[in-house]
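S.K.: Protein sequences, first through last, are from chains A and B. To convert, note that position 335 of the first sequence is 335 in the numbering used here; the numbers rise steadily by one, no gaps. To convert, note that position 362 of the second sequence is 362 in the numbering used here; the numbers rise steadily by one, no gaps.
By construction, these hints were calculated from the structure, which means they are not laboratory data. Treat the hints loosely; a few may be bogus.
Chain copies aren't distinguished; within one or between two, either way the pair holds.
Unchecked claim - The calculated PhoX-like cross-link candidates involving lysine-lysine, where the alpha carbons are at most 25 angstroms apart (straight line), are:
#1 K51 <-> K218
#2 K20 <-> K231
#3 K348 <-> K122
#4 K190 <-> K153
#5 K277 <-> K19
#6 K218 <-> K20
#7 K140 <-> K13
#8 K190 <-> K20
#9 K218 <-> K141
#10 K140 <-> K153
#11 K371 <-> K344
#12 K104 <-> K190
#13 K173 <-> K13
#14 K173 <-> K140
#15 K371 <-> K412
#16 K277 <-> K348
#17 K79 <-> K19
#18 K371 <-> K153
#19 K371 <-> K173
#20 K299 <-> K13
#21 K218 <-> K153
#22 K51 <-> K190
#23 K173 <-> K51
#24 K104 <-> K277
#25 K371 <-> K299
#26 K141 <-> K229
#27 K153 <-> K141
#28 K20 <-> K344
#29 K218 <-> K19
#30 K159 <-> K51
As the structure is a prediction and not an experimental result, all values here were calculated from the model.
Protein chains: 2
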Amino acid sequence: MTEERVLELIEQKNYIDLKKELSEMNEVDISEILNALDSSITLLIFRMLPKDTAVEVFAHFSPEQQAGIINAVSDKELKFILDELFFDDMIDLIEEMPANIVNKILANSSADERKLINQFLKYPAQSAGSLMTIEYVDLKKNMTVQEALNHIKEYGLSKETIYTCYVTDNNRKLIGIVSLRNLVVAETDKYISDILHEEVIYVETHDDQETVANIFIKYGFMALPVVDKEKRLTGIITFDDIMDVMEQEATEDFQIMAAMAPSEAAYLDSGVFELAKQRIPWLLILMIAATVTGRIITKFESLLSTMVVLTAFIPMLMNTAGNSGNQASTLIVRGLATDEVALKDAWKVLWKEFRISIIAGVFLATVNFAKNMLFDRLGLLISLTISLTVVVTVMLSKMIGGILPLIARKLKLDPAIMAGPLITTLVDALTLMAYFAIASTLLL
Amino acid sequence: MTEERVLELIEQKNYIDLKKELSEMNEVDISEILNALDSSITLLIFRMLPKDTAVEVFAHFSPEQQAGIINAVSDKELKFILDELFFDDMIDLIEEMPANIVNKILANSSADERKLINQFLKYPAQSAGSLMTIEYVDLKKNMTVQEALNHIKEYGLSKETIYTCYVTDNNRKLIGIVSLRNLVVAETDKYISDILHEEVIYVETHDDQETVANIFIKYGFMALPVVDKEKRLTGIITFDDIMDVMEQEATEDFQIMAAMAPSEAAYLDSGVFELAKQRIPWLLILMIAATVTGRIITKFESLLSTMVVLTAFIPMLMNTAGNSGNQASTLIVRGLATDEVALKDAWKVLWKEFRISIIAGVFLATVNFAKNMLFDRLGLLISLTISLTVVVTVMLSKMIGGILPLIARKLKLDPAIMAGPLITTLVDALTLMAYFAIASTLLL
């Protein structure tokens, strides 16, 4: 169904067909359509949906639509939504809403819930704690498989996942996991302690979401338990939230590497001023940083005015250096993000980039030399100057590009800021210095 | 356990502790350790593992270790491995192995299996077909819930997932899905047809893996059915394989945007020549493309030799233009990859970039003008030339950066090649032309 179809059916007051067609749709698609519609129509359709579906649709609404719904519904309706919403979605909701709506939400929560909400709101952004939810299946060691299955049958529908169940002791300490697969295939009179998997991989509430995502990717887990410092189970993270994290982390790195402030907002939904604000600071910083290259050129003005031909090769040299550096830094930034490269590999990286840069530098310089001599018909010494500069700057750029992201990681900065524009500006300056130094030596 | 600990225990011939410590490890970690060890030790440990664990460890081995194992084991052992391996892992294996090992594998497969292998090998790389596996739970409409659960109990352990079950008719046509969650909470005497979910989202064998990944992210699915043109169920794709795809697709885009040939090999595992080969072609192309900028400079040599100060601002202008273009193109490339931007948005993108570029351009030009007049103490006309060039090139760059990836998508090229270096080279040339045109007008 499309927006147009919804509006058409509403126009005709054909609510029977509307209900029927909505019931055949996935909740995500329903909320996508409603997000684009007017809030009064959204409310009308929202109330038409079966209650469970409505809550799932609500969870996928844009913050604006969520605020509209909360403002419009009765306390009783709101209580139902809040009860049915998974806890992680509830926390996300509270973080997005303005103060008056947060107050309405808190007023419709119990004291215990409010305490828990406060606790969850304190977890740092992009930490495991900020991703987890509390609706997991909690089993005990001395349950039989049949008892566990009955427990799941009773409470399973309100849990975020029932496919991995968590076994805790009386102090809420995590002692193992049992998959529903193992429960289903086990003899029903066996005990949980018989089929328990005790070697559990878990994360702590303050672990970074990138770390969490890399564990999911490495092991292919469906869910991961989150524990506090005393190893008490405080929540679980499910794979679907991690897919969002992966997408978001990659997007952030793309943005940072293209000299922008990272933003989670979708491009088409962002305002022009918002996008401009995301971009201008780095453009400004880099523009001012480029003053250095200008200074270097000014310093060698007399050399350039006697040999203007040298100027013509400045852009090529700077681009080649920038591209060489970027290649290396991008691979290292990405390797760090996916846990394929670690700090301890610094010497390996440097040695590798050293050898690659010799191959690439000599190759490019040779092509250049041939081109300069045969096509551009430049003199031997000028051709030599340009080609030597290519070798030197490709080598410098690749080694700097390889090592800077590792230095950033060491300094606990985001390695991504070291790729792209910052490297480009740095190697630009180095390239010019090398160029003029070689030219002064060979040509004067 | 670490590599050193494994070697130590083998040295001591303390196989009891070795077995015990291995049994407490995740299969992925075991294979990671064995990947780093000698193939004779790998084989020794491989045979020490419980058979089911051994196959899972095998599935995570590097191709070299897999080849070593297949060469070393008996036909009977190989048959067991092949039987237990999920079909998608088997296809991956066959694609990685040299011909003699593929022959050994095929010799140990039945005629039916060989037929199926051949069919799967034909699916295009990076298509849904190349990702799917055949080990899914197949239910029938007229089964009761109890019958379905019994079926799962019997066959569940050999399936890639049992959490989503697929209901097909007698022609293998997909008619619906049932989640294990719904089976577990349902009354056992109900029929599958009662709890069947008929509105199934599915993909076709030839759909691109990026499309598949975006469906997983959007809906948070655990598995997705793959059908052929007649809507017959041919396999399923599970979320863990999609996480790998997401990582791989992002890495590919990073590499392409940093002017490299995409490669799936990990940086530290890649040889120096391999890495050089990945990088040199684009460096070469871009170096030669930069000849154009050189030509433009040569053409305006006389202008530059009378006003050498103009040269000093070339790097700043080119960088600002390149960065501006990159910002826009990166957002659009990423938006296309995550399905947030589509071809139909071309005008919206252009209009948005037009407005952003006015804001950014005018802002940067103003700062520049103030700096040139107050700090660099340049003349009014030269300052004006530089600032006007900033406005013009920021605008050009952002609009080109926004639209080129969309043009690439339209031409069925990878939008990522339009970001980064290619845009930089293009806007470099445009920047110089604008600069010299404005300078000639204002200064001569």
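S.K.: Now tell me, hint by hint, if it's right for this structure.
M.R.: Outcome of the hint check:
For the identical chains of this complex, K51 and K218 are inter-copy neighbours only, at 22 angstroms across copies versus 38 angstroms inside a copy, given an alpha-carbon limit of 25 angstroms. In this assembly of identical chains, the alpha carbons of K20 and K231 lie at most 25 angstroms apart only when taken from different copies (24 angstroms versus 48 angstroms within one copy). Neither within a single protomer nor between protomers do K348 and K122 lie at most 25 angstroms apart by alpha-carbon distance, with minima of 40 angstroms and 39 angstroms respectively. For the homomeric pair K190 and K153, the shortest alpha-carbon distances inside one copy (18 angstroms) and between copies (15 angstroms) are both at most 25 angstroms.
With identical chains, the CA atoms of K277 and K19 are never at most 25 angstroms apart, being 43 angstroms at best within one copy and 59 angstroms at best between copies. Taking identical chains as interchangeable, the C-alpha atoms of K218 and K20 lie at most 25 angstroms apart only when they sit on different chains, with a minimum of 23 angstroms there against 42 angstroms within one chain. In this assembly of identical chains, K140 and K13 lie within 25 angstroms of each other by CA distance neither inside one copy nor across copies; the values are 53 angstroms within and 39 angstroms between. In this assembly of identical chains, K190 and K20 lie within 25 angstroms of each other by CA distance solely across copies; the values are 24 angstroms between and 45 angstroms within a copy.
For the homomeric pair K218 and K141, neither the shortest alpha-carbon distance inside one copy (28 angstroms) nor that between copies (37 angstroms) is at most 25 angstroms. In this assembly of identical chains, the alpha carbons of K140 and K153 lie at most 25 angstroms apart whether taken from the same copy (16 angstroms) or from different copies (22 angstroms). Taking the shortest alpha-carbon separations for K371 and K344, neither the intra-copy value of 41 angstroms nor the inter-copy value of 43 angstroms comes in at or below 25 angstroms. Proximity of K104 and K190 under a CA criterion of 25 angstroms is satisfied in neither setting, with 47 angstroms inside one chain copy and 42 angstroms between copies.
In this assembly of identical chains, K173 and K13 lie within 25 angstroms of each other by CA distance neither inside one copy nor across copies; the values are 55 angstroms within and 36 angstroms between. In the homo-oligomer, the alpha carbons of K173 and K140 lie at most 25 angstroms apart inside one protomer (11 angstroms), although the nearest pairing across protomers, at 42 angstroms, exceeds that limit. For the identical chains of this complex, K371 and K412 are neighbours neither inside a copy (45 angstroms) nor across copies (34 angstroms), given an alpha-carbon limit of 25 angstroms. Taking CA atoms no more than 25 angstroms apart as the test, K277 paired with K348 passes between copies only; the shortest distance there is 19 angstroms, against 39 angstroms inside one copy.
Taking identical chains as interchangeable, the C-alpha atoms of K79 and K19 lie at most 25 angstroms apart only when both belong to the same chain, with a minimum of 24 angstroms there against 54 angstroms between chains. Within a single copy, K371 and K153 get their C-alpha atoms no closer than 76 angstroms, and across copies no closer than 71 angstroms, so neither meets the 25 angstroms cut-off. When the C-alpha separation of K371 and K173 is checked against a cutoff of 25 angstroms, the pair qualifies neither within a copy, at 71 angstroms, nor between copies, at 62 angstroms. For the identical chains of this complex, K299 and K13 are neighbours neither inside a copy (77 angstroms) nor across copies (71 angstroms), given an alpha-carbon limit of 25 angstroms.
With identical chains, the CA atoms of K218 and K153 are never at most 25 angstroms apart, being 31 angstroms at best within one copy and 28 angstroms at best between copies. For the homomeric pair K51 and K190, the shortest alpha-carbon distance between copies (23 angstroms) is at most 25 angstroms, but the shortest distance inside one copy (38 angstroms) is not. In this assembly of identical chains, K173 and K51 lie within 25 angstroms of each other by CA distance neither inside one copy nor across copies; the values are 35 angstroms within and 32 angstroms between. Proximity of K104 and K277 under a CA criterion of 25 angstroms is satisfied in neither setting, with 33 angstroms inside one chain copy and 61 angstroms between copies.
Only between protomers do K371 and K299 lie at most 25 angstroms apart by alpha-carbon distance; the minimum there is 19 angstroms, versus 29 angstroms within a single protomer. In this assembly of identical chains, the alpha carbons of K141 and K229 lie at most 25 angstroms apart only when taken from the same copy (22 angstroms versus 49 angstroms across copies). For a Cα distance limit of 25 angstroms, the shortest separation of K153 from K141 qualifies both inside one copy, at 18 angstroms, and across copies, at 22 angstroms. Taking the shortest alpha-carbon separations for K20 and K344, neither the intra-copy value of 59 angstroms nor the inter-copy value of 30 angstroms comes in at or below 25 angstroms.
Only between protomers do K218 and K19 lie at most 25 angstroms apart by alpha-carbon distance; the minimum there is 23 angstroms, versus 43 angstroms within a single protomer. With identical chains, the CA atoms of K159 and K51 are at most 25 angstroms apart within one copy only, with a shortest distance of 17 angstroms there and 34 angstroms across copies.
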